[in-house]
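Use these hints to put chain B onto chain A, whose structure you have.
Listed below are the residues making up each chain.
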Amino acid sequence: MGSPRLALVGAFVVGGLLLFAVGLFMIGDRRQLFTEHFFVVADFGNVTGVQVGTDVRLSGLPAGEVTDIVIPPAPGGRFQVQMRVREDLHSLVRTDSVAAVLTDGLLGSAFIQIRAGTESAPEVADGGTLAGADAVQVADLIEEGRETFRLVADEFVGLRQEMAETFSGLGETVETTTLLINDVGNDVREVTTVSALFMDAARGVMEDTRGIVQGVANGEGTAGKLLTDDALYTHMTGMASEVEATMQAVRGSAEQFEQIVGGLHGPESAAQRLLVDAGDVVTYARDAMADLAENTEAMKRNWLLRGFFSDRGFYNLDEMTVEEYRVLLRDERYTPLRIWLRADVLFETDENGGVTLADGAEERIEEAMGELLQYPRNSPLVVEGYATAGGPGQQFISAEPSRTTWCARSAARPS
Amino acid sequence: MAPLSSAGYAVAFAARAIREIFLPPYEIKETARQLYEVGWRSLPLIAVAGFAVGIVLSMHTRASLERFGAEALIPAALMLALVRETGPLVVGLLVAGRVGAGFGAELGAMKVTEQIDALEAVAVDSFKFLVVTRTLACMLAMPILTTVMNFTGIIGGWLAESAISGMSFEAYFRSAFSVVGFADYVPGTIKTMVFGYIIAITACYFGVHTRGGTQGVGYSATRSVVTASILLITANVVLVRLIFFLFPETTG
Numbered sequence: 001m002g003s004p005r006l007a008l009v010g011a012f013v014v015g016g017l018l019l020f021a022v023g024l025f026m027i028g029d030r031r032q033l034f035t036e037h038f039f040v041v042a043d044f045g046n047v048t049g050v051q052v053g054t055d056v057r058l059s060g061l062p063a064g065e066v067t068d069i070v071i072p073p074a075p076g077g078r079f080q081v082q083m084r085v086r087e088d089l090h091s092l093v094r095t096d097s098v099a100a101v102l103t104d105g106l107l108g109s110a111f112i113q114i115r116a117g118t119e120s121a122p123e124v125a126d127g128g129t130l131a132g133a134d135a136v137q138v139a140d141l142i143e144e145g146r147e148t149f150r151l152v153a154d155e156f157v158g159l160r161q162e163m164a165e166t167f168s169g170l171g172e173t174v175e176t177t178t179l180l181i182n183d184v185g186n187d188v189r190e191v192t193t194v195s196a197l198f199m200d201a202a203r204g205v206m207e208d209t210r211g212i213v214q215g216v217a218n219g220e221g222t223a224g225k226l227l228t229d230d231a232l233y234t235h236m237t238g239m240a241s242e243v244e245a246t247m248q249a250v251r252g253s254a255e256q257f258e259q260i261v262g263g264l265h266g267p268e269s270a271a272q273r274l275l276v277d278a279g280d281v282v283t284y285a286r287d288a289m290a291d292l293a294e295n296t297e298a299m300k301r302n303w304l305l306r307g308f309f310s311d312r313g314f315y316n317l318d319e320m321t322v323e324e325y326r327v328l329l330r331d332e333r334y335t336p337l338r339i340w341l342r343a344d345v346l347f348e349t350d351e352n353g354g355v356t357l358a359d360g361a362e363e364r365i366e367e368a369m370g371e372l373l374q375y376p377r378n379s380p381l382v383v384e385g386y387a388t389a390g391g392p393g394q395q396f397i398s399a400e401p402s403r404t405t406w407c408a409r410s411a412a413r414p415s
Numbered sequence: 001m002a003p004l005s006s007a008g009y010a011v012a013f014a015a016r017a018i019r020e021i022f023l024p025p026y027e028i029k030e031t032a033r034q035l036y037e038v039g040w041r042s043l044p045l046i047a048v049a050g051f052a053v054g055i056v057l058s059m060h061t062r063a064s065l066e067r068f069g070a071e072a073l074i075p076a077a078l079m080l081a082l083v084r085e086t087g088p089l090v091v092g093l094l095v096a097g098r099v100g101a102g103f104g105a106e107l108g109a110m111k112v113t114e115q116i117d118a119l120e121a122v123a124v125d126s127f128k129f130l131v132v133t134r135t136l137a138c139m140l141a142m143p144i145l146t147t148v149m150n151f152t153g154i155i156g157g158w159l160a161e162s163a164i165s166g167m168s169f170e171a172y173f174r175s176a177f178s179v180v181g182f183a184d185y186v187p188g189t190i191k192t193m194v195f196g197y198i199i200a201i202t203a204c205y206f207g208v209h210t211r212g213g214t215q216g217v218g219y220s221a222t223r224s225v226v227t228a229s230i231l232l233i234t235a236n237v238v239l240v241r242l243i244f245f246l247f248p249e250t251t252g
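For the record, the sequence lines run as chains A and B. Counting from 1, position 364 in the first sequence corresponds to residue 364 in my numbering; the numbering is continuous, with no gaps. Counting from 1, position 194 in the second sequence corresponds to residue 194 in my numbering; the numbering is continuous, with no gaps.
With the rest of the complex left out, here is chain A (with noise of 0.2 Å):
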């Protein structure tokens, strides 16, 4: 083998080794093997994604890196992270300064963080403690916006409760505006037939004033004979125009009337306008209320919020078995309302044994079932027993047989 031939394996293995060496200068450097460095540690209660190697930066600038971590020696005690920070920093690094672990963004790796301290506090000594402040985790957020979104929930059926009072409270608003709309129409109409009579009247008191008019004129009568003198005449036409103008008036006035009552019957009136604009409101808001209705549901039968709901007592009951609904029941927080009542005071037993509904046992049953009245139409009733024997009044009897009390939700539909 030729000298060429070794010197290129020489240069081989020198450069290979060069090459490996300046990787790990550059692995040292970045870690800050090579220069002048201090130690000092902070305790955290929490260190998720902490370890060994892990950046330590200083008000953003690279300063170092975890040296140690030593375990507390029992429960609720707090790690101790030891750091070697560079010493061109250490000036910086007073005894008020806090480290705190943080996240390169959503998805980067963790590291801590070192605030610079103040310009009063003495610099820590090599091997210092520094405070440390706990990371905020994505769990805690994500914690504390279920907790948000519960509150908002609250806020929401708050909401809806007094949404439904204020459009009740506007439906009736409405219906006593209608009232008080036709209350006026009758009073409207009323004067308008009151002053057709006192047109007619005064038409009546015109044709008079005019056949006696013309009876003064030609004279007739004393009164005629005393007022043929040009001077009475001319006074007694003037009372006549007057009469006229007077009467003019009183027709101009119950055209304006009746003009008024028109408009307040008309498509476009303003009355009307108002009834159509409350009637839109009311649909709008009947709308609105459906769809929240409709996205709450939806928000019930959520994967994620179904457990929420589920807490606050939201169960759907179609998605329930009856396992689950029994132990429901058996849950202090809901109490659901059973009427009980007792089985002498509603049947009694005839000489043959059989049995029979009691004297006024109906009005007791149907007493009963008005307290399930006060519920809304959408409440669950649950039918707790039934029968699916015998006639209609077997099936009644013998829907809880094995009982000496009666429930009334179970007769709620006895089938």
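Keep in mind the hints are simulated off the structure, nothing from the lab. Bear in mind that the values here come from a model prediction, so they are computed numbers and not experimental data. Glycine included, each C-beta is placed from N, C-alpha and C at the ideal position.
If you anchor each label on the Cβ, the simulated ranges turn out as follows: (1) A:R330 <-> B:T234: 57 to 65 Å; (2) B:R67 <-> A:G10: 41 to 49 Å; (3) A:L61 <-> B:R67: 27 to 35 Å; (4) A:T67 <-> B:V122: 54 to 62 Å; (5) A:G10 <-> B:T214: 34 to 42 Å; (6) B:P44 <-> A:A116: 46 to 54 Å.
If the Cβ cut is set under 10 Å, some of the chain A residues that face chain B in the computed set are: (7) L8; (8) A11; (9) L17; (10) R30; (11) D55.
Just chain B, lined up with the frame of chain A:
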């Protein structure tokens, strides 16, 4: 029984090679010659392959990290991928192809032409002269070739990145080493010595046990490459597990 006895013989063959490495006489000249053949002459292949792998890895890494707005992590991700696994494995497979076939064919030809017997006849330890020197050369060349692969890969990655973002080489180089630790760099490189050992032993074993003339030589070369590649990949699984055990920080 024949497969089992063959496996036992192969294990004894491999163990003997390790033992003989440390026992005199040391065939330094022959080892250097093999180092020239295995290392120096593989350099162009490894450099070009590393360059291409770096470009491809950079493009793939960019496509993935771009979705998260983490383009700044591209050099570090590429370096981690190269140093931990891609570099060592690609170098191992390339050397298994090039050197494994060469060893298998060369030793197979020597066997069928009775050159190995001739060496024995002149009192030369053929095992030490032919097998140990090649094994040692492979074990020495592999870490160096892997280092070359890593650095040419960085250069390739930088070229691909600078064409898109105009990043400087210094910034790219520093960023590449920002997350790589000793536990990533050193074990990943040193484990290629095991790869070199596997490649050399497998090729030498098939070579010195060649039968059937020139047809047998070709057969030995093919079997050397295939077997060495499979052994190398399966051994890598064990080695990675071992590295995780010895250097727990590499699992992060």
